[in-house]
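Enquirer: Those protein sequence lines, which keep their order, are chains P and V. Going by the working numbering, 81 is the number at position 81 of the first sequence; the sequence numbering is gapless. So the working numbering is basically just the index in the second sequence, starting at one, shifted up by 1000.
Rather than coming from a laboratory, the hints here were simulated on the basis of the structure. Just to be clear, a hint being listed does not mean it is correct.
[What the hints assert, rightly or not] Just some of the chain P residues that point at chain V, by a computed CB distance under 10 Å:
| no. | residue |
| --- | --- |
| 1 | 22 |
| 2 | 115 |
| 3 | 127 |
| 4 | 142 |
| 5 | 236 |
[As the list claims (entries may be wrong)] Taking lysine-lysine and the BS3-like style, the derived pairs with C-alpha atoms no more than 30 Å apart in a straight line are:
| no. | chain 1 | residue 1 | chain 2 | residue 2 |
| --- | --- | --- | --- | --- |
| 6 | V | 1038 | P | 148 |
| 7 | V | 1054 | V | 1038 |
| 8 | P | 240 | P | 73 |
| 9 | V | 1038 | P | 240 |
Just so you know, even glycine gets a beta-carbon here, dropped at the ideal spot from N, CA and C.
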Amino acid sequence: MLHSLSTYMHKKPRMRLTALLTAPVLWLVVAYLGALAMLLVTAFFTIDSFTGNVIQQFNFGNFQDMLTDAAYKNVVLRTLGIAISVTFFCTVLAIPMAFYMAKIARPKTQKILVALVLTPLWASYLVKIYAWRTMLEPGNGVLDWLLKPIGIHSPGFGGPAIIIGLSYLWLPYMILPIYAGLERLPNNLLDASGDLGAHNFYTFRKVILPLIFPSLVAGSMFTFSLSLGDYITAQIIGGKLQMLGNVVYQNFSINLPFAATIATIPVTIMALYLYLVRRTGALASM
Amino acid sequence: MTISRNARMFLAALLGVGLAFIYIPLSVVVINSFNASKTFSWPPSRFTTIWWTKALENTGVREALKWSIFAGLSATAIALVLGTCLAFAVSRYQFFGREVISLLVVLPISLPGVVTGIALNNAFTKQLGMSTGLLTVVIGHATFCIVIVYNNAIARLRRMGTNLQEASMDLGANGITTFRLITLPNLASALFAGGLLAFGLSFDEIVVTTFTAGPGIQTLPIWIYNNLFRPNQAPIVNVVAATLVVLSVVPIYLSQRLSQDSTTGGRF
Chain P
1 MLHSLSTYMH
11 KKPRMRLTAL
21 LTAPVLWLVV
31 AYLGALAMLL
41 VTAFFTIDSF
51 TGNVIQQFNF
61 GNFQDMLTDA
71 AYKNVVLRTL
81 GIAISVTFFC
91 TVLAIPMAFY
101 MAKIARPKTQ
111 KILVALVLTP
121 LWASYLVKIY
131 AWRTMLEPGN
141 GVLDWLLKPI
151 GIHSPGFGGP
161 AIIIGLSYLW
171 LPYMILPIYA
181 GLERLPNNLL
191 DASGDLGAHN
201 FYTFRKVILP
211 LIFPSLVAGS
221 MFTFSLSLGD
231 YITAQIIGGK
241 LQMLGNVVYQ
251 NFSINLPFAA
261 TIATIPVTIM
271 ALYLYLVRRT
281 GALASM
Chain V
1001 MTISRNARMF
1011 LAALLGVGLA
1021 FIYIPLSVVV
1031 INSFNASKTF
1041 SWPPSRFTTI
1051 WWTKALENTG
1061 VREALKWSIF
1071 AGLSATAIAL
1081 VLGTCLAFAV
1091 SRYQFFGREV
1101 ISLLVVLPIS
1111 LPGVVTGIAL
1121 NNAFTKQLGM
1131 STGLLTVVIG
1141 HATFCIVIVY
1151 NNAIARLRRM
1161 GTNLQEASMD
1171 LGANGITTFR
1181 LITLPNLASA
1191 LFAGGLLAFG
1201 LSFDEIVVTT
1211 FTAGPGIQTL
1221 PIWIYNNLFR
1231 PNQAPIVNVV
1241 AATLVVLSVV
1251 PIYLSQRLSQ
1261 DSTTGGRF
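So here's chain P without its partners, still in its complex pose (with noise of 0.2 Å):
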């Protein structure tokens, strides 16, 4: 019996094809972008103030009332500002780092040290962020306890906090991408570069800093993306702070409608980042 359906399935490829399509297919096209394409569509909707029900009715209410009301152009503004800091910092942290990791280690410690970057990406989101809150709490948490000596206090929660909470998340995702970068890029170019008389700053801005571009973009495109739809962070260090993420769950229980428009900004500019990185090439020489 399996004998010949193995037979009758080797002699049809295209029957393969299908057996082997429709069941993820079906997952991901009818399920998922299913689920998302009615969430559009319910942007377009509208709530009945007084019962709470979406009536059915197209109309571009919610996308006016989103782009005429100044609150959420600021919303939009800190998200953005928070996604642009978050990566700046991971990079400026990262480079270094991934530097030593490939060029400067011998090989047996550069396996610990990649285990070292690599270990937190699996300790949970959650005890992370809640690690910062012990770390930030104002008067008696441990950042005041470490740096009081030296005059410096902890910002706190807010702003700052979210910051430093998702910088301390995506880092790991920005040092592996320009670690594996750095390996590709041969020692002899930096030899060649300090032969001929250029100075290490030098070489790092006009050698290594354009060879690994494309790997400072893939860090980029975790730290910046999963930033912009984080809502848990700001809810746990942030204060009273709110991210685009924060307003979607808020409106989520509320006004449905609302809250499916709001998340229509945080994919359109992930969108808009994912076609700038492809005009850039960046991608194509991962």
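Assemble the complex: chain P is given as a structure, and chain V must be docked to it using the hints.
Expert: For chain V alone, kept in the frame of chain P given last:
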């Protein structure tokens, strides 16, 4: 390569700062789980292991752990089947819409979790009239786990090529025998890495879970989140958090042992 001693020292110092940034908060979590104080106080004045025994006896934690493992295993199993099928189809066949499929599969982890979460919740509860529960959590988790298995499987399939399979078929083995004796053994370690990663992702997921789990289901992250702001639960939360920090070493160790292609543990 000629890098001056000073530059080396400077870079080593920066690496140290980076590692301290990564590991100080995690160490604080572990130390804090032994903190005798019932409310948060730093530095700890006394140490105790009493919270660890209390956490072990805590029924909420046990229940949550059970749900997390169950949801993670189910989602991983679904993702292994669907992701592998998809990887075979995309790597071994030419068909209309192939590019679209490889884009579609990454969508669930590229879009913000909150978007995926409310989309699934809306579809399940409003459109299909389902009630949220374990089933909806598993569906949600499997959706973003597929890509992980897919990525691992397709990379291996591309590198493997079809020579071995053809050789096997030339020697008279049928499709099923070839798959069982040639393809699957060559694919196994990639599937293991993918499955491990998918389970890790599901085990840690909170956003999609928030929107797909009903009031009856608490996975471990949801339990932590619900108890984070309850002062009298802080010692138990600390123990659970510390356990998760310590356990994060396990997958790294496993993947370094078992996977010959990368030291990254499959996260990349």
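Enquirer: Does each hint hold? Answer for all of them.
Expert: Each hint, compared with the structure:
Among the interface hints, the one on residue 22 of chain P holds; its C-beta lies about 9 Å from the nearest C-beta in chain V, closer than the 10 Å criterion. Annotation: residue 115 of chain P was flagged as interfacial toward chain V, and the flag holds, the nearest CB pair being 6 Å apart, inside 10 Å. The interface hint given for residue 127 of chain P holds, since its Cβ lies 4 Å from the closest Cβ of chain V, which is under the 10 Å cut-off. Below 10 Å, beta-carbon pairs count as interface contacts, and residue 142 of chain P has one with chain V at about 5 Å; its hint therefore holds.
Annotation: interface hint on residue 236 of chain P holds; nearest CB of chain V at approximately 7 Å, less than 10 Å. For the suggested pair residue 1038 of chain V and residue 148 of chain P, the alpha carbons sit about 24 Å apart, so the restraint of at most 30 Å is met. Restraint check for residue 1054 of chain V and residue 1038 of chain V: satisfied, since their Cα atoms lie roughly 13 Å apart, inside the 30 Å limit. With a C-alpha separation of about 17 Å, the suggested pair residue 240 of chain P and residue 73 of chain P falls inside the 30 Å cut-off, and the hint holds.
Proposed proximity of residue 1038 of chain V and residue 240 of chain P is supported: the alpha carbons are some 26 Å apart, at most 30 Å.
Hint check: no violations occur; every hint is consistent with the structure.
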